[in-house]
Amino acid sequence: MSEQVHNRLAVVRAERKVSRQALAEAVGVHYQTIGYIERGQYNPSLDLALKLAAHFRLPVEALFSLEPFPPLTQEIYGEHGRTTS
Amino acid sequence: MRTATRYDRQMYALMNRREAAPLHATAARRRALVAVHVALTAAAAAAWLATVVADVFWATFAMLGLLLPWVVATGGINAATRGLLELRGRMLDERQLAERDRVRAIAHRVTTTLLLLGTAVFGVLLWTTGVEADGGLVFAVLFTALVVHWLMPLWVAGLRAEDDVHGDADDLA
Numbered sequence: 001m002s003e004q005v006h007n008r009l010a011v012v013r014a015e016r017k018v019s020r021q022a023l024a025e026a027v028g029v030h031y032q033t034i035g036y037i038e039r040g041q042y043n044p045s046l047d048l049a050l051k052l053a054a055h056f057r058l059p060v061e062a063l064f065s066l067e068p069f070p071p072l073t074q075e076i077y078g079e080h081g082r083t084t085s
Numbered sequence: 001m002r003t004a005t006r007y008d009r010q011m012y013a014l015m016n017r018r019e020a021a022p023l024h025a026t027a028a029r030r031r032a033l034v035a036v037h038v039a040l041t042a043a044a045a046a047a048w049l050a051t052v053v054a055d056v057f058w059a060t061f062a063m064l065g066l067l068l069p070w071v072v073a074t075g076g077i078n079a080a081t082r083g084l085l086e087l088r089g090r091m092l093d094e095r096q097l098a099e100r101d102r103v104r105a106i107a108h109r110v111t112t113t114l115l116l117l118g119t120a121v122f123g124v125l126l127w128t129t130g131v132e133a134d135g136g137l138v139f140a141v142l143f144t145a146l147v148v149h150w151l152m153p154l155w156v157a158g159l160r161a162e163d164d165v166h167g168d169a170d171d172l173a
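So the protein sequences, as listed, match chains H and G.
Residue numbering for the first sequence follows UniProt numbering, beginning at 1 and increasing consecutively.
Residue numbering for the second sequence follows UniProt numbering, beginning at 1 and increasing consecutively.
Please keep in mind that the hints were generated in silico from the structure rather than gathered at the bench.
C-beta: ideal position from N, C-alpha, C; glycine also.
Heads up, a few of these hints could be off.
Claimed, not checked - Reference excerpt, derived from the structure (chain G facing chain H, CB under 10 angstroms, subset only): (1) ASN16; (2) ARG82; (3) GLU86; (4) LEU92; (5) ALA98; (6) ASP101; (7) LEU146; (8) ARG160; (9) GLU162.
Claimed, not checked - Chain G is faced by these chain H residues, among others (derived, beta-carbon under 8 angstroms): (10) TYR36; (11) LEU48; (12) SER65; (13) PHE69; (14) THR73.
To be verified - Anything over 10 angstroms on all C-beta distances counts as not near chain H; from chain G, calculated: (15) GLN10; (16) ALA25; (17) ALA28; (18) ALA39; (19) GLN96; (20) LEU126; (21) GLY130; (22) VAL131; (23) LEU137; (24) VAL148; (25) TRP155; (26) VAL165.
Bound conformation, chain G alone (with noise of 0.2 angstroms):
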């Protein structure tokens, strides 16, 4: 915790609150919640799309409305991995850097993965179907490969996250 600026404590210190952990006690409560973030993301992303690109205007509000609990879901995985991706590296130890280095390789090989199989099927409707890659089409595609690649690490990190031991924090046994 060495040059932890007042920043940093306060982070290291929201991170490790504990009102949420009945939301994350146990694996199957961090697979929900994972499940729960992806179905957000990507209806708040559709809703997005769904304004800019194709100019549908109540999209707007679906998007605001899904906003409040894609906060939430993201605080309550954030919580279960006490900040592993949200805190500066200062603000963490050997364990966590080096768990934080495996979920990054993990999330690096899924993102590959999916974007490989993403171009793939995209280059295949384009030269055997009539679908027209338009600007928007590209745009949608493209927006959601960020948002994928951006998030990944997240999802990999609420998935492999483990329970908080009984008494970690203070027991003498």
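With the rest of the complex left out, here is chain H (with noise of 0.2 angstroms):
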């Protein structure tokens, strides 16, 4: 029944400089449970994937997919590197 759902809540949660704990209050959860999330131990509900989305105001797929998450530096520079010029 469950399937599995991927999501960047630690990429996103470390560059936004935001602790579990702080993550937590935030959204009303146990600082376990986005512990569990992160390692894909737990798929949140609808209702607190949008919460999450919100707090990041980040669109809610940005966070969570189906699909793995390709590597943001791939995402960024594309396969092969972009040079810049």
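Dock chain one against chain two, each of which comes alone in its own frame, and use the hints as you go.
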């Protein structure tokens, strides 16, 4: 029944310098739940996924996906890197 | 954490205190904690039954002596589960509520199996041996079943609890 939902929560949280505890308090869950989500051990409800996305002011699909996320560097610079000119 | 009362908040803080963390830091320690709790429960229940059914006076003191370590072990398991079974539903988040449901379902299955086995063994003993089921024996069996039914979710929750990943509470990575 449960499908693997991939997420970028850990990356975004680190980038924004938000601790698990602070994020948990902001969205009203236990701090361990944030860790469970980041490790893919728990798939959040739509409600919680939307709250997490809203907290970071991102669309929900920026944080959660049914397909694995490509590395951020690949998304920004492309498959073979990008030369600046 | 909506509509939390003062009692809810106090219990939440109590269940999330970290003083007992070394007691349940690893899976092996949690298994040992649950095993100790099972042993203490069995000993305390036996002492209580000896007091009320068999009128063994000294068993009262044995039971009272077991009470404190039993309370400590119970607190250790509750701390390992962050109060999964002690806190009111409104103090748990969606993952914890789902986990509590899973724990109760597993405990129900285990208890049902144990009761089935117990009933079969008790029936075989009654009909194939000279054991007589007087009131004291029936009371002891029912009391044991009650204790197992009451505490099985706690034992299951203790065994299913996971390690607190290093820095889960405050890391930035």
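Practice prompt. Would you list, in rising numerical order, the hints stated earlier that this structure does not obey?
Written response: Going through the list in order, the structure violates hints 3, 6, 7, 8, 12, 13, 14, 19 and 26 and respects the others.
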